[in-house]
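> The lines below spell out each chain.
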Amino acid sequence: MTRDQLDSAQAPAKDCVVGVIDDDPVNAALLEAMLARAGYTGLTFASAADFRRRSGPGSVDLILLDWDMPGESGLDFLRLMREQEQMTTPVIFVTHYDRDEQIAQGLNAGADDYMTKPVEATVLMARIESVLRRLNRKGETVESWPPFEFDVSQRSLRIDGKSRHATNREFELMLFMFRRHGRVVTRESLLTHVWRLSSNVATRSIDTHVSRLRKLFGLDGSSGWRLEGVYQKGYCLKRVEGSEGSPDPDA
Amino acid sequence: MNERLLNREQLAEIRALARVRPEFPEQMLLLFKEAATEALEGCRDAWLEQDARQLESFAHRLKGTAASFGASELREQAERLETDAGCEASIERQRLEDIEQTIEATYRAYADWLQQA
Numbered sequence: 001m002t003r004d005q006l007d008s009a010q011a012p013a014k015d016c017v018v019g020v021i022d023d024d025p026v027n028a029a030l031l032e033a034m035l036a037r038a039g040y041t042g043l044t045f046a047s048a049a050d051f052r053r054r055s056g057p058g059s060v061d062l063i064l065l066d067w068d069m070p071g072e073s074g075l076d077f078l079r080l081m082r083e084q085e086q087m088t089t090p091v092i093f094v095t096h097y098d099r100d101e102q103i104a105q106g107l108n109a110g111a112d113d114y115m116t117k118p119v120e121a122t123v124l125m126a127r128i129e130s131v132l133r134r135l136n137r138k139g140e141t142v143e144s145w146p147p148f149e150f151d152v153s154q155r156s157l158r159i160d161g162k163s164r165h166a167t168n169r170e171f172e173l174m175l176f177m178f179r180r181h182g183r184v185v186t187r188e189s190l191l192t193h194v195w196r197l198s199s200n201v202a203t204r205s206i207d208t209h210v211s212r213l214r215k216l217f218g219l220d221g222s223s224g225w226r227l228e229g230v231y232q233k234g235y236c237l238k239r240v241e242g243s244e245g246s247p248d249p250d251a
Numbered sequence: 252m253n254e255r256l257l258n259r260e261q262l263a264e265i266r267a268l269a270r271v272r273p274e275f276p277e278q279m280l281l282l283f284k285e286a287a288t289e290a291l292e293g294c295r296d297a298w299l300e301q302d303a304r305q306l307e308s309f310a311h312r313l314k315g316t317a318a319s320f321g322a323s324e325l326r327e328q329a330e331r332l333e334t335d336a337g338c339e340a341s342i343e344r345q346r347l348e349d350i351e352q353t354i355e356a357t358y359r360a361y362a363d364w365l366q367q368a
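Protein sequence lines, in the order shown, are assigned to chains A and B.
For the first sequence, my numbering assigns the number 1 to the initial residue and increments by one for each residue that follows.
For the second sequence, my numbering assigns the number 252 to the initial residue and increments by one for each residue that follows.
One chain only, chain A, in its complex shape (with noise of 0.2 Å):
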């Protein structure tokens, strides 16, 4: 993305939400802006406690992590959520600690980039997209969790081997969560990247539309997968266990 791109307007929404931990306000609010103008869901916690109580890795697909904080560290927390809790999703560090020491330890330590502040948006953009090339998805166009395939190009589903009708919305929807399975996943956030809505729009589709996948594509379970309902927070796809299909290729 270039800079006048980035000046011009605000780019259409990604699929993607970043978490911003960083107890300075100022920067953290600088990042969340840079963010929304580049098309991601920015979402920031005043510390590596604050983003445990309110959110934990899987609800974000990358984070930027500053390494100094009250507390627990940005660099303790990530060699434990390394280390003890296997968390993969990306980490960038975003940090005032610029010696070469520090960057080395802060990448040992299990982060997938580095960069010191203040930062720059086109250089975080492309840091954040480099990142996630590296990461993504494997550039293939079939995406598949037996026994659902997902044909991204063609917009096409075929489970068990069968082709399925799935409407746009429920398409988009399955795909979502699929990516984002044993995930909880808010409804601010499917609001945001699959009705793009504002996240503040309250509305009941989101509940119709689960409750279709769950009958039409045996998203209760029949089927392997079961797509539950967490309570004041949203949803989460789970492979159920002992259930017959495939194994699972992300476990």
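Keep in mind the hints are simulated off the structure, nothing from the lab.
Since the model is a prediction, treat every value here as computed from it, not as a measurement.
Treat the hints with care, as some may be off.
To be verified - The calculated label-pair distances, taken between Cβ atoms and stated as ranges, are: (1) A:VAL152 <-> B:CYS338: 52 to 62 Å; (2) A:ARG196 <-> B:ALA362: 14 to 24 Å; (3) A:ASP76 <-> B:GLU289: 17 to 27 Å; (4) A:GLY221 <-> B:ALA362: 36 to 46 Å; (5) A:GLU101 <-> B:GLU327: 18 to 28 Å; (6) B:LEU365 <-> A:ASP98: 37 to 47 Å; (7) B:GLN305 <-> A:THR208: 31 to 41 Å; (8) B:LEU365 <-> A:ASP151: 49 to 59 Å; (9) B:LEU281 <-> A:ASP160: 48 to 58 Å; (10) B:ARG359 <-> A:ALA49: 30 to 40 Å; (11) B:ARG346 <-> A:LEU80: 32 to 42 Å; (12) A:VAL152 <-> B:GLN305: 51 to 61 Å.
All C-beta atoms, glycine included, are put in the ideal place defined by N, C-alpha and C.
Model the placement of chain B on the given structure of chain A, informed by the hints.
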């Protein structure tokens, strides 16, 4: 615009972000005042308690806030304070008063820039 106090490039960035979020420049001003004042209070408390490590930590925080806001002079003052506290060098109370004045001057300069924008 006082370039000694405020970084022109950072202001351009804030102005660019205002095209998407018109309220953003004012929001930044309020956040800056609150965060910088809080960090300075932390520095003062640490200075009174002669806790060099805490002083270094709060000075680091102030430096970060200043950098993100584009407050050039404040950033330099906070960085020097952080370095000196890290070396446990003797620090005059007057330096904290100078920093407070720089915060106020930065606030006024930014408010003026907002009005002219």
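> Take the hints in turn and mark each one as holding or not.
We went through each hint and held it up to the structure:
Checking the proposed 52 to 62 Å range against VAL152 (chain A) and CYS338 (chain B) shows it holds: the Cβ atoms sit about 57 Å from each other. Look at ARG196 (chain A) against ALA362 (chain B): about 37 Å separates their beta carbons, and that is not inside 14 to 24 Å. Separated by about 23 Å at the C-beta atoms, ASP76 (chain A) and GLU289 (chain B) satisfy the suggested range of 17 to 27 Å. For GLY221 (chain A) and ALA362 (chain B), the Cβ-Cβ distance of about 59 Å falls outside the hinted range of 36 to 46 Å, so the restraint is violated.
For GLU101 (chain A) paired with GLU327 (chain B), a C-beta distance near 24 Å keeps the hint of 18 to 28 Å intact. Remark: the range hint 37 to 47 Å for LEU365 (chain B) to ASP98 (chain A) is contradicted by a beta-carbon distance near 30 Å. Hint check: GLN305 (chain B) to THR208 (chain A), Cβ distance near 55 Å, so the stated range 31 to 41 Å is violated. Distance hint check for LEU365 (chain B) and ASP151 (chain A): the Cβ-Cβ separation is about 51 Å, which falls inside the suggested range of 49 to 59 Å.
Between LEU281 (chain B) and ASP160 (chain A) the C-beta distance comes to about 57 Å, which sits within the given range of 48 to 58 Å. One distance hint, 30 to 40 Å for the beta-carbon pair ARG359 (chain B) and ALA49 (chain A), holds here, with the actual separation near 36 Å. Hint check: ARG346 (chain B) to LEU80 (chain A), Cβ distance near 37 Å, so the stated range 32 to 42 Å holds. A C-beta distance of roughly 53 Å is found between VAL152 (chain A) and GLN305 (chain B), which places it inside the suggested range of 51 to 61 Å.
Hint compliance for this structure: hints 2, 4, 6, 7 are broken, all remaining hints hold.
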